[in-house]
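Heads up: the sequence lines are chains E and U, in that order. Those letters in the first sequence? Residues 1 to 111, per my numbering, in order. Those letters in the second sequence? Residues 1 to 114, per my numbering, in order.
Everything labelled a hint here was simulated from the structure, so no lab data went into it.
Negatives, chain E to chain U, calculated, CB over 10 angstroms:
hint, residue
1, H7
2, V13
3, D17
4, S18
5, V20
6, T26
7, D55
8, R56
9, R61
10, L65
11, T80
12, Q81
13, S85
14, V109
Label pairs and their in silico Cβ distance ranges:
hint, chain 1, residue 1, chain 2, residue 2, range
15, U, H41, E, A29, 18 to 26 angstroms
16, E, H76, U, G17, 41 to 49 angstroms
17, U, K65, E, V20, 38 to 46 angstroms
18, E, S18, U, K65, 41 to 49 angstroms
19, U, I60, E, L62, 27 to 35 angstroms
20, E, G1, U, D38, 16 to 24 angstroms
21, E, P111, U, V88, 28 to 36 angstroms
Chain U regions said to be covered by chain E (calculated; three or more residues, Cβ under 8 angstroms):
hint, stretch
22, 36-49
23, 102-114
None of the values given here were measured: they were computed from a predicted structure. By construction, the Cβ of each residue, glycine as well, lies at the ideal position given by its N, Cα and C atoms.
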Amino acid sequence: GEKVEQHESTLSVREGDSAVINCTYTDTASSYFPWYKQEAGKSLHFVIDIRSNVDRKQSQRLTVLLDKKAKRFSLHITATQPEDSAIYFCAASNSGTYQRFGTGTKLQVVP
Amino acid sequence: EAAVTQSPRNKVAVTGGKVTLSCNQTNNHNNMYWYRQDTGHGLRLIHYSYGAGSTEKGDIPDGYKASRPSQENFSLILELATPSQTSVYFCASGEPGTNTGQLYFGEGSKLTVL
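Make a model of the complete structure from these sequences and hints.
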């Protein structure tokens, strides 16, 4: 079945710098790629997603890039702020099936 | 705002005991899911459901049962709890294949099996 790998387990950036979190997937039929944020001690909530019919999607300071050939997608956060500190999970799914998650990247934004 | 609520939020159980984790959603979503979160593993799917009366196995179903008696409620049942089932469990609801395929998560249920 689908396997989603998240390459950075931790990432530390200075406030105001950019952060990039990378994920790869194995199932060429995967078509939906969401990202979720989990703040310390809390649940997960959705932040941004991308579907396989586009290769880039932006929402304010967040951009997702999708490279279907390489089976890779990434989350880019610009102008990082302390409130961006959290664990970020990538996920992938085939249309209509359940989402499989990466292992999470703990982002620390240092003042 | 979509709402998924779980109970109990914290549970301590003994090995061999029965544990039921409950989930209620007011989103009117057809699909509901139970994941467990463990360090180094991310979230792994245990069971899911397409609607009332339906339950399906996810990636790690062994030792767990699920029940979906209604659109709103989805339970995870551990008939004979083991220490390896100590974890944080998240329920989620969603409608894959729609314009908004995102999942809505509950607050989590922390289970400790002694």
